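Chains as they are written, first to last, in numbering that gives the first Met the number 0: chain Z, 0 to 300; chain C, 0 to 300.
No wet-lab data here; the hints were simulated from the structure.
Heads up, some of the hints might be wrong.
Calculated from the model, a selection of chain C residues having no Cβ within reach of chain Z, i.e. all distances over 12 angstroms [what the hints assert, rightly or not]:
1) K16
2) I103
3) P153
4) T162
5) N229
6) N232
Cross-link-like lysine-lysine pairs, in silico, DSS-like; alpha carbons within 27 angstroms at most [claimed, not checked]:
7) K40(C) to K111(C)
8) K268(Z) to K1(C)
9) K75(Z) to K30(Z)
10) K151(C) to K23(C)
11) K221(C) to K275(Z)
12) K268(C) to K275(Z)
13) K275(C) to K95(Z)
14) K95(Z) to K95(C)
15) K61(C) to K16(C)
16) K275(Z) to K95(C)
17) K22(C) to K95(C)
As the structure is a prediction and not an experimental result, all values here were calculated from the model.
Every residue gets a Cβ at the ideal spot worked out from N, C-alpha and C, and that includes glycine.
Number of protein chains: 2
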Amino acid sequence: MKILLCEVNISEGKNLKTIEKVKKVIEKSLKINIIDIDSDKNHNRTVYTYIGEPQEILEVTKRLADKAIELIDMSKHHGSHPRIGAVDVVPFIPVKGIETEEAIEIAREFGKYIGSKGIPVYYYEDAATCPKRKSLVEIRRGQYEGLEEKLKDPEWIPDEGPTEFVPKTGVVVAGVRFPLVAFNVNLRTDDLGIANNIVRSVRHINGGYRFVRAIGLNLTDKNMVQVSMNLTNYTKTPIHRVMETVRSEASRYGISIAGAELVGPVPMKAVEEIVKFYLQVHNFSITQIIENNLLDLLDRD
Amino acid sequence: MKILLCEVNISEGKNLKTIEKVKKVIEKSLKINIIDIDSDKNHNRTVYTYIGEPQEILEVTKRLADKAIELIDMSKHHGSHPRIGAVDVVPFIPVKGIETEEAIEIAREFGKYIGSKGIPVYYYEDAATCPKRKSLVEIRRGQYEGLEEKLKDPEWIPDEGPTEFVPKTGVVVAGVRFPLVAFNVNLRTDDLGIANNIVRSVRHINGGYRFVRAIGLNLTDKNMVQVSMNLTNYTKTPIHRVMETVRSEASRYGISIAGAELVGPVPMKAVEEIVKFYLQVHNFSITQIIENNLLDLLDRD
Numbered sequence: 000m001k002i003l004l005c006e007v008n009i010s011e012g013k014n015l016k017t018i019e020k021v022k023k024v025i026e027k028s029l030k031i032n033i034i035d036i037d038s039d040k041n042h043n044r045t046v047y048t049y050i051g052e053p054q055e056i057l058e059v060t061k062r063l064a065d066k067a068i069e070l071i072d073m074s075k076h077h078g079s080h081p082r083i084g085a086v087d088v089v090p091f092i093p094v095k096g097i098e099t100e101e102a103i104e105i106a107r108e109f110g111k112y113i114g115s116k117g118i119p120v121y122y123y124e125d126a127a128t129c130p131k132r133k134s135l136v137e138i139r140r141g142q143y144e145g146l147e148e149k150l151k152d153p154e155w156i157p158d159e160g161p162t163e164f165v166p167k168t169g170v171v172v173a174g175v176r177f178p179l180v181a182f183n184v185n186l187r188t189d190d191l192g193i194a195n196n197i198v199r200s201v202r203h204i205n206g207g208y209r210f211v212r213a214i215g216l217n218l219t220d221k222n223m224v225q226v227s228m229n230l231t232n233y234t235k236t237p238i239h240r241v242m243e244t245v246r247s248e249a250s251r252y253g254i255s256i257a258g259a260e261l262v263g264p265v266p267m268k269a270v271e272e273i274v275k276f277y278l279q280v281h282n283f284s285i286t287q288i289i290e291n292n293l294l295d296l297l298d299r300d
Numbered sequence: 000m001k002i003l004l005c006e007v008n009i010s011e012g013k014n015l016k017t018i019e020k021v022k023k024v025i026e027k028s029l030k031i032n033i034i035d036i037d038s039d040k041n042h043n044r045t046v047y048t049y050i051g052e053p054q055e056i057l058e059v060t061k062r063l064a065d066k067a068i069e070l071i072d073m074s075k076h077h078g079s080h081p082r083i084g085a086v087d088v089v090p091f092i093p094v095k096g097i098e099t100e101e102a103i104e105i106a107r108e109f110g111k112y113i114g115s116k117g118i119p120v121y122y123y124e125d126a127a128t129c130p131k132r133k134s135l136v137e138i139r140r141g142q143y144e145g146l147e148e149k150l151k152d153p154e155w156i157p158d159e160g161p162t163e164f165v166p167k168t169g170v171v172v173a174g175v176r177f178p179l180v181a182f183n184v185n186l187r188t189d190d191l192g193i194a195n196n197i198v199r200s201v202r203h204i205n206g207g208y209r210f211v212r213a214i215g216l217n218l219t220d221k222n223m224v225q226v227s228m229n230l231t232n233y234t235k236t237p238i239h240r241v242m243e244t245v246r247s248e249a250s251r252y253g254i255s256i257a258g259a260e261l262v263g264p265v266p267m268k269a270v271e272e273i274v275k276f277y278l279q280v281h282n283f284s285i286t287q288i289i290e291n292n293l294l295d296l297l298d299r300d
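Here chain Z stands alone, though its shape is the one from the complex (with noise of 0.2 angstroms):
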């Protein structure tokens, strides 16, 4: 059985209505699972997070975006995360017994379908079509509200659809990525300071883990503050050595950790890597937890 997650980040995080009238698009389908919904009234976003077989994830997300773009007007959209669409980003995930080339043509379909209905698609990671646009960052760069003037730079020629601006949409942006872990870390103290050293100690950009984006916030509610990351890749840069690595910098100001956060989906292989470092089991596989070998039971038909 082949399987694929999708993570579709939509422009709506405060409008009850709309975030349901999308969740019931995609209940109808019985072959799905819905794995998380997530709003932000902040961010004015909403995640949704499902899998299931390749061909209904494809048909799902489809009918997902139909909705999200009738409902949303992005012309009218404010909010504090970086977005460029109605329906911002369409990451497909390979999960189990799909290939990343498979995953692509699926995203490929999707930008298609999406072209079709007049509204220029961009492809970034895996399914990116030039090195540049690999980077969501670089394709959200000047936002929704720089979009207009994008579309007019012969390098940002859309890959799918028109090449003028749609202001009631913007643009898609569908790839193909890696499973993401997002984990934050608490810090008992609400010196906003000594969270941004610690993010600046583990993050890529500033000499950190090859694979670890971060952040430092203020949970003002707690009274603390969060170093809020996003580990991009969990194989080469391994949650543990994040979380001990902010333990140890954070103990220099004698500063301990209240709390962690893992927020959506977690691949089982990054809990297994939890389990051989904490319990030092050198040996110890995932295919020892008896929940795993019922899903070959089931899957033998």
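Fit chain C to the given chain Z structure using the hints.
Chain C in isolation, oriented as in the chain Z frame:
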């Protein structure tokens, strides 16, 4: 879908032909999944671990027992592990969608079948018919060599089958129990006294954790000693707590942990607790693990 796990312990760990013939019997079923087959020459004992739907597990276990009873002659058995029969102990362990009561029915059906073949049976743990028989240690006290006398004691009339001693097979002990976690910690020393001191600090009978059974072992090939443990209820005595106590007690002798082993099947919930403790992710749930959602997806039909 209801899933039951079975861990049959047979009294043969040397004769590869016998071990293989018994394996072939359970391999015939395409509806079960063999998780582990673990033979130990010193113990002269093999453990077959497999999962599947309850009725299929019952049928496969009957056939396994028939074959082991046919091939093993207890009157010639020697081994370092306590044992009382050719099919020494047969625990049925509820994994998913099945209550203890239903598992007990399966264990009793299995016991009646063995009894009908002319072999005495004791039920233990959750399937026990009186408090004294809950404990496998009590049932096995005196071992195979003392069984003939034990069967004459009115307190030890078998739950199924004849009351007479059957020299070739001994007795079968069948029951239902909570999943057990086998956890061994290797120490950077060859001083067995230190391992035994640590054993006494963690195991129940010496004042340690309620659900820990432990012994100290020499690992002569590695020049190390081992704290070898069974955690009989990982929800109430979690793995991480035992690990950290072993670490703390070892450190008083200046000894560090060389590594550890989780032997055989481990429940997903035990893994959740490890991740929560070491990463301090207080709200982490195994439902966030992507692959656990695959199970729901496959189990839907």
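A quick look at each hint next to the structure:
1. K16: Non-interface label on K16(C) holds, nearest chain Z Cβ at 27 angstroms vs cutoff 12 angstroms.
2. I103: 20 angstroms, holds
3. P153: 40 angstroms, holds
4. T162: 37 angstroms, holds
5. N229: 16 angstroms, holds
6. N232: 16 angstroms, holds
7. K40(C) to K111(C): Violated. K40(C) to K111(C) sits at ~31 angstroms, over the 27 angstroms cutoff.
8. K268(Z) to K1(C): At roughly 26 angstroms apart (the allowed maximum being 27 angstroms), K1(C) and K268(Z) satisfy the hint.
9. K75(Z) to K30(Z): Answer violated: K75(Z) to K30(Z) is near 35 angstroms, above 27 angstroms.
10. K151(C) to K23(C): 37 angstroms, violated
11. K221(C) to K275(Z): Holds, at about 20 angstroms.
12. K268(C) to K275(Z): Measuring from Cα to Cα gives roughly 16 angstroms; hence the hint holds.
13. K275(C) to K95(Z): 25 angstroms, holds
14. K95(Z) to K95(C): Answer holds: K95(Z) to K95(C) is near 23 angstroms, not above 27 angstroms.
15. K61(C) to K16(C): Holds, at about 20 angstroms.
16. K275(Z) to K95(C): 25 angstroms, holds
17. K22(C) to K95(C): 24 angstroms, holds
The earlier numbered hints that this structure contradicts are 7, 9, 10.
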